[in-house]
Amino acid sequence: MPRLNKRSSYYVLLLPALLIYLAIIIFPIFMSLGLSFTEWRRFRMTGFIGLQNYVDILSDPVFHRSLWNNIQIMLISVLGQIPLGILLAYLLHRKWVKGTKFFEFMIFLPITISSVVIALLWNRVFSPVGIYTTFVRMITANPDYVVKIFESETYAMLPVLVVLLWQHTSLYMVIFLANLQRIPSSVFEAAVIDGAKESTIITKIVLPALSPVIFTCSVLAISGSLKSFDLVYAMTAGGPVNYTYVMALYLYQHTFTFHNYGKGSAVSIIIVILSVGLISLVRGIYAKAQKKFE
Amino acid sequence: MSERTQTISKSWTIVSYILLILFTLITILPVVWMLYSSFKPMGEIMLHPLRLPAAPTWENYQKAFKYGNLIVSFLNSVFYSGVSTFSTVLLALAAGFALTKFGYKSSGVYFGIFTLGLLITVNSVITPLFIMETSVGLYNTRLGVILPYIAFGLPMAVLLSTGYIRGVPDALIEAAVIDGASYIQIFWKIVLIVSTPVLATMAILNFLGNWNEFLMVFTLTSGENMRSLPVSINSFAGRLNEDYGLQFAALVVGTIPMFILYLVAHESVIKGFGEGALKE
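One line per chain: the protein sequences are Y and D, in this order.
Under our numbering, think of the first position of the first sequence as 1, with each following residue one higher.
Under our numbering, think of the first position of the second sequence as 1, with each following residue one higher.
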């Protein structure tokens with residue numbers, strides 16, 4: 001092999017990664033955008049229809065419900081998983097208990113389990129022969145109790161949200177714990193000696209120190225909740241009726257069940273726009289909050 | 001410590017124990033229940049859902065392996081996750097070396113393009129990806145799964161590898177250049193070796209992510225012999241399966257491999273997740 005000069009070496013090292021990435025992620029995004037303006041019938045593109053796909057989607061009640069369900073997932077992620085994660089991390093970090101490593105090990109375990117397994121397991125937990133049902137039967141002394149919430153139009157998402165909270169809280173716990181360990185322990189000791197209350201330590205030391213990580217985690221949580229598919233698909237497949245539909249499921253249905261690639265692509269683009277918009281919003285809030293602290 | 005702070009920290013100890021034990025139980029009980037229920041026949045599960053198996057049996061597992069195509073799916077999962085993780089890590093380290101130690105101005109642009117990928121999720125490209133793979137004959141092939149796995153692993157891996165390699169002293173590389181080593185040799189003999197810690201983090205995060213991935217295998221393959229473990233388990237033990245014992249056995253099979261990895265390497269796993277997200 002001839003000896004490569006510096007610039008050729010640069011490209012030999014960089015291009016394999018760059019080309020795969022451009023071909024499989026960046027190019028399809030533009031292709032998606034193009035496809036979203038097209039009409040499809042029976043596996044064939046039948047013409048350019050401008051924004052019609054978007055108009056159809058945005059006026060479809062099923063899409064509205066999907067969007068609302070995604071918003072619920074986002075709220076439980078940002079306002080449930082993250083604060084709970086901070087609380088658990090803080091309790092572990094202050095070492096008030098013995099066996100912190102044990103608790104960390106146990107609480108983090110669900111991260112290794114695939115969403116499909118988690119979904120099917122929790123369906124069993126809520127089923128007539130499940131732990132939850134049996135437990136409620138025991139405390140209410142009602143041997144015929146069954147979980148009916150799945151059938152309720154208003155609350156059908158609740159089991160999904162509970163499972164999401166169970167599944168992901170520990171991820172944030174671990175991230176926050178790693179970052180709390182970067183705060184010098186002398187800071188906590190000094191605050192305790194000065195007689196600071198725990199609430200003061202949390203608001204004056206912990207939250208400001210964690211604020212960049214809270215921002216990063218919020219971004220993770222938002223983009224994660226907009227893409228949620230596996231868990232919902234395996235747990236309810238969007239049902240009953242379409243009470244638990246989410247945007248990714250709506251997309252899946254149009255692309256892979258109806259083979260309407262135009263409409264499927266338009267849903268993708270809507271998800272991208274929402275995700276970029278929401279993340280910019282969080283970035284704006286974060287910048288403002290930072291200014292206030294300084 | 002004053003008496004007051006001591007009583008305060010005592011009550012915090014109690015609160016902490018209650019919360020942590022509660023959380024641990026909520027985490028562990030369903031998993032433990034799944035494990036022992038998988039050794040119970042269907043009838044016993046219906047009658048006594050919470051009791052330990054009266055006469056533990058492997059029957060559910062025998063049936064699950066017989067009808068669930070689990071061995072092929074397991075091997076597929078190993079292949080998909082292994083090959084793509086190896087490739088992602090190697091490519092990301094090479095790119096990380098190029099982007100940090102060559103001093104070209106274009107590096108910043110390429111790096112920016114890679115980090116953009118962090119915001120792009122699988123479902124924003126799945127429709128065109130499906131069309132592309134169908135038209136070039138990659139649909140329902142193993143390569144057609146591995147290539148997207150590599151691509152979607154790259155943004156995070158490039159971020160981690162550039163962050164790490166940037167911290168490697170320039171002098172180390174300059175000295176090797178003066179000694180007459182080529183840049184490619186430097187990559188194989190120096191960069192790869194000094195990057196072992198970040199390499200481990202990247203490999204673990206990637207492997208776990210690919211192992212549990214569902215949507216791409218589900219939509220880009222159709223043959224039963226191409227399916228990975230999560231997809232097979234979903235179709236075999238999915239919502240409509242009425243044999244709970246069989247279902248539990250399949251779920252346990254889906255859980256065990258990563259559980260073993262976690263048992264062996266939980267410190268690296270926890271550290272990897274904790275630090276993976278640190279790098280903004």
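Do not rely on the hints blindly, as some may be mistaken.
In silico BS3-like pairs for lysine-lysine, Cα to Cα no more than 30 Å straight-line [said to hold, decoys possible]:
#1 LYS10(D) <-> LYS204(Y)
#2 LYS271(D) <-> LYS95(Y)
#3 LYS10(D) <-> LYS95(Y)
#4 LYS197(Y) <-> LYS291(Y)
#5 LYS101(Y) <-> LYS10(D)
These are calculated hints, taken from the structure and not from any lab test.
We went through each hint and held it up to the structure:
| no. | hint | verdict |
| --- | --- | --- |
| 1 | LYS10(D) <-> LYS204(Y) | 22 Å, holds |
| 2 | LYS271(D) <-> LYS95(Y) | 18 Å, holds |
| 3 | LYS10(D) <-> LYS95(Y) | 12 Å, holds |
| 4 | LYS197(Y) <-> LYS291(Y) | 25 Å, holds |
| 5 | LYS101(Y) <-> LYS10(D) | 20 Å, holds |
Checked against the numbered hints above, the structure breaks none of them.
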